[in-house]
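There are 2 protein chains.
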Amino acid sequence: MGDQATPPAPELAAMAINDGPCLKHPFSDRAPVRSIVCRPDGGAALAGNRVRAGGWVKTGREQGKGSFAFLEVNDGSCPANLQVIVDAGVADLSTLVQTGTCVLVEGLLKMPPEGTKQKIELRVDKVLHVGPTDPASYPIPKTKLSLEFLRDHIHLRPRTNTISAVARIRNALAFATHSFFQEHGFLYVHTPIITTSDCEGAGEMFQATTLISEAEKLDKELIMNPPPTEADIEAAKCTVGEKSSVVAQLKAAKATKEDISASVSDLKKAKENLSRVEERAKLKPGIPKKDGKIDYGQDFFGRQAFLTVSGQLQVETYACAVSSVYTFGPTFRAEHSHTSRHLAEFWMVEPEIAFADLQDDMNCAEAYVKYMCQWLLNKCFDDMELMAKLYDKGCIDRLRMVSSTPFERITYTEAVQLLEEAVRGGKEFEKNVEWGIDLASEHERYLTEDIFKKPVIVYNYPKGIKAFYMRLNDDSKTVAAMDILVPKVGELIGGSQREERYEVIQQRIAEMGLPLEPYEWYLDLRRYGTVKHCGFGLGFERMILFATGIDNIRDVIPFPRYPGRADL
Amino acid sequence: MGDQATPPAPELAAMAINDGPCLKHPFSDRAPVRSIVCRPDGGAALAGNRVRAGGWVKTGREQGKGSFAFLEVNDGSCPANLQVIVDAGVADLSTLVQTGTCVLVEGLLKMPPEGTKQKIELRVDKVLHVGPTDPASYPIPKTKLSLEFLRDHIHLRPRTNTISAVARIRNALAFATHSFFQEHGFLYVHTPIITTSDCEGAGEMFQATTLISEAEKLDKELIMNPPPTEADIEAAKCTVGEKSSVVAQLKAAKATKEDISASVSDLKKAKENLSRVEERAKLKPGIPKKDGKIDYGQDFFGRQAFLTVSGQLQVETYACAVSSVYTFGPTFRAEHSHTSRHLAEFWMVEPEIAFADLQDDMNCAEAYVKYMCQWLLNKCFDDMELMAKLYDKGCIDRLRMVSSTPFERITYTEAVQLLEEAVRGGKEFEKNVEWGIDLASEHERYLTEDIFKKPVIVYNYPKGIKAFYMRLNDDSKTVAAMDILVPKVGELIGGSQREERYEVIQQRIAEMGLPLEPYEWYLDLRRYGTVKHCGFGLGFERMILFATGIDNIRDVIPFPRYPGRADL
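As you go down the protein sequences, you meet chains A and B in turn.
Using the numbering used here, read the first sequence as starting at 2 and increasing by one per residue.
Using the numbering used here, read the second sequence as starting at 2 and increasing by one per residue.
The reader is advised that the hints may include incorrect statements.
What the hints assert, rightly or not - Partial list, derived from the structure: chain A residues whose beta carbon lies under 8 Å from chain B:
1) Y139
2) G303
3) L308
4) S324
5) P331
6) N364
7) I558
Claimed, not checked - These stretches of chain B come out as covered by chain A in the derived footprint (C-beta under 8 Å, 3 or more residues):
8) 27 to 40
9) 174 to 185
No lab work stands behind these hints: they were computed from the structure.
Glycine is no exception: its CB is placed at the ideal position from the N, C-alpha and C atoms.
Given only the sequences and the hints, what does the whole structure look like? Please build it.
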């Protein structure tokens with residue numbers, strides 16, 4: 002071959018790509034290089050190199066009366082496909098051209114003819130692997146498929162353009178999150194998933210339990226091996242009585258030590274058997290109960306346990322010790338909501354900052370949102386272009402606007418006045434506007450989309466509609482809470498300064514009709530070395546909806562969970 | 002004051018610190034600067050600057066007959082404390098000196114007198130906040146406390162030197178994990194916590210359910226509002242009969258349209274009432290059953306759901322679409338283990354790589370472990386020094402050795418031979434060594450600690466002791482599995498090349514006596530565009546035990562969960 006002089010594939014490692022991963026497979030000289038076309042020049046500079054490439058065929062077609070085939074191959078590293086050309090002499094083209102086929106090929110990268118869309122193409126001389134796909138049964142052929150349809154094929158949908166782009170955007174936002182907080186000296190703290198302390202909304206929580214499986218196990222065991230009857234117990238008692246008499250008789254008769262000791266041993270065994278029988282007689286099928294209620298003392302943790310709805314309270318224990326922390330993990334709601342904005346399992350980012358007040362909280366939240374927007378513009382522009390083309394023309398402009406525009410900051414009271422003015426001006430809302438209401442999504446979106454046309458931070462909410470841990474303002478009517486509203490999704494972030502005054506928070510818990518005892522540990526943070534602190538929560542999937550313009554939250558999480566559905 | 006000429010605190014932002022966070026509080030001019038003493042020079046270069054500092058008093062003492070106080074203040078950014086000097090005229094010293102007090106102070110950074118340990122000290126002229134601590138009741142006074150004792154005060158233990166250092170090490174390893182995989186082009190995929198597909202070890206899984214809470218709600222409701230009796234149903238039926246006769250009579254009597262229509266409407270209401278009564282009569286207290294079994298059709302997801310034991314199978318759906326992925330999240334085991342190595346909730350890192358085989362898998366795992374060790378040496382050296390002082394003299398040398406030494410790679414068969422030789426040489430193991438056994442911890446540690454004195458990768462295990470998804474080797478006896486064994490903890494990583502051949506994996510599932518149906522989605526990955534791929538799992542807490550030398554896994558996770566215990 003004439004290309005012996007070109008450098009072998011591993012040498013490509015030395016080439017820098019703009020923000021992209023290394024061209025050589027990082028852990029193997031045998032595995033394919035990736036991201037050939039994920040470069041600003043579309044890979045043009047690589048012409049003349051021999052490479053191995055692998056991926057899945059997006060589309061393929063035989064040409065020149067079956068003498069060769071064009072394949073569009075994608076390896077998941079970016080939305081662009083590598084154009085691959087295979088001659089009929091090299092492999093069975095009819096298999097290769099099927100959408101969904103996996104190929105690992107080797108060949109020479111060449112400049113394509115003038116006027117073609119591609120900047121580079123791969124002329125294959127070796128096919129190292131083919132993972133075929135039967136087009137007759139392949140559930141996701143190349144025809145355009147709705148996102149709703151893809152939800153029924155959750156294990157194959159990452160092979161589509163949209164879901165793989167969402168995966169890259171989600172990955173980018175997750176790493177942006179870690180990078181932002183790490184750059185600012187925050188510690189990532191893993192708050193627990195299984196919790197015994199979120200006593201507020203127990204109605205909407207999943208229980209984590211082994212009681213049911215233990216009961217099912219016991220039920221099976223009792224069928225295999227029924228519990229003792231009354232008669233069994235009587236018989237065991239009778240045996241004890243008999244053995245006991247024998248001992249007494251032998252002792253009275255001054256029998257030999259050996260005989261007495263043997264009879265005592267018999268008696269001991271009979272007593273052991275009795276207590277075993279009595280113990281087994283207590284076994285009841287079903288979930289264990291005590292005083293008519295479920296006996297959680299017998300559950301795995303010795304008490305009732307739930308899946309967390311937020312890591313905030315727990316992460317405060319670290320903020321009140323190491324100052325700046327954040328948690329980023331899954332949270333759960335057992336709500337029967339079938340909307341496009343709710344999931345039963347979703348991810349939340351929750352920073353918590355000591356020695357900081359509500360203004361600092363807003364500063365942090367605003368900086369974080371801007372950072373994520375800028376990150377996507379820098380690292381995922383090609384994926385964002387796909388989103389703009391397929392789902393939301395304005396999504397790139399929105400990222401630019403948010404990353405560069407200072408957020409508007411208004412009090413709740415000002416927000417209500419603005420909404421009341423709008424109503425007087427003829428605007429109609431489904432829910433009536435008056436001071437004291439919890440702003441509805443329609444109000445939030447009107448503020449950010451119509452009035453300000455940029456992100457808005459609303460702060461100082463009425464205490465009646467907010468949680469007990471939010472710091473009471475001097476007016477005694479409002480608390481130091483803030484929400485960030487953004488175009489497209491409305492509320493993206495909710496946060497507050499936390500009540501650090503022991504007496505005040507104790508009273509607030511009482512006012513809300515909550516029991517004090519489960520919060521003693523939380524009160525301890527105020528009892529000993531209390532500190533002003535604040536924090537917020539960002540719904541991670543909401544951020545992805547905001548960024549991409551995709552409408553349904555079920556399409557921006559890899560494995561959506563909602564009522565009636567938990568595939569895989 | 003004479004220090005007007007020194008730059009104000011925010012100016013410090015411009016100063017670069019070696020790998021540390023920015024000196025200015027990132028989101029506030031009012032909040033304290035952090036990390037003053039977390040620099041190679043101990044903060045000496047900052048002398049002459051006015052700063053605000055905040056933190057918790059580790060120790061304090063009044064001096065000069067109560068004319069001033071020395072405080073050792075820590076803000077969680079590093080193990081070193083800032084020495085703070087407060088005059089009696091500035092604040093009530095008796096409160097300030099108590100261990101656990103929170104302070105926010107302002108003053109001038111000065112060089113301490115020659116011969117003192119500190120490189121810098123803060124002369125305070127303003128005390129902005131004091132969060133007092135009553136030493137009589139403070140649960141964690143400055144006396145040395147055992148890690149076991151601290152587990153009973155989980156909300157306050159991050160304020161101790163050990164637990165805050167562990168938090169920083171854990172944070173560093175988490176970010177190292179993301180950095181490593183991101184640098185190598187992997188996408189972070191959030192696999193689900195709630196799963197319906199881990200059918201293997203259902204016995205040791207937690208159930209996620211709303212059945213119990215729904216049943217409790219219904220029980221309460223039925224007490225408040227008892228279900229209809231037989232008589233109630235009869236009465237409702239009777240009413241329907243009556244109303245029906247009235248309609249018939251009016252029709253027969255050719256009554257007015259209005260009268261007939263009114264009677265029809267009455268009949269409709271009576272029928273509705275009857276069906277409502279019949280529906281309510283079906284309500285049964287307790288967990289819903291069907292054919293004697295629990296009716297999971299009525300659970301939140303319409304089927305039985307568990308907490309995940311591993312994200313591997315799910316993350317494979319992404320590897321078989323976008324090539325290189327990883328998951329990093331909590332996993333769960335409902336095992337009744339009370340050992341120092343087991344938790345019911347723990348974090349796992351699970352990469353999955355397409356177009357890669359077992360050798361590539363080992364390369365990746367080795368590179369990842371080395372990267373983490375080097376990261377700790379670079380970023381957490383002061384915390385590692387604390388660990389070396391308090392828990393494990395050799396921990397820093399161990400990190401150096403692992404980060405710089407190629408791992409030994411031997412087959413399982415070779416490992417068994419080496420162990421058998423050791424036994425012949427007089428070494429005693431509790432568990433007998435022979436080809437086919439699952440290596441016990443004692444065997445693993447002997448290989449890595451005694452024979453090789455470095456990390457060892459054992460690969461090609463007997464198929465009988467490994468999972469169905471591991472790729473069958475050509476010998477038909479072993480599978481392409483690998484474990485990484487390290488000194489101190491034994492097995493740190495377990496991985497394998499996955500079986501990509503449709504017929505082979507189908508047969509392996511059958512061989513293991515598992516049902517095929519729940520794995521149909523997993524088989525689809527082999528049915529359509531199958532690809533060679535591999536992956537591994539690293540127990541994140543094990544890595545921290547390995548790094549720090551701490552003995553009990555309950556001390557390296559913020560909120561440990563184990564049988565009988567799930568605080569907060």
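Results for each hint:
no.: 1; hint: Y139; result: holds, 5 Å
no.: 2; hint: G303; result: holds, 4 Å
no.: 3; hint: L308; result: holds, 6 Å
no.: 4; hint: S324; result: holds, 5 Å
no.: 5; hint: P331; result: holds, 5 Å
no.: 6; hint: N364; result: holds, 4 Å
no.: 7; hint: I558; result: holds, 7 Å
no.: 8; hint: 27 to 40; result: holds (count 8)
no.: 9; hint: 174 to 185; result: holds (count 6)
In summary, the structure agrees with every hint in the numbered list given earlier.
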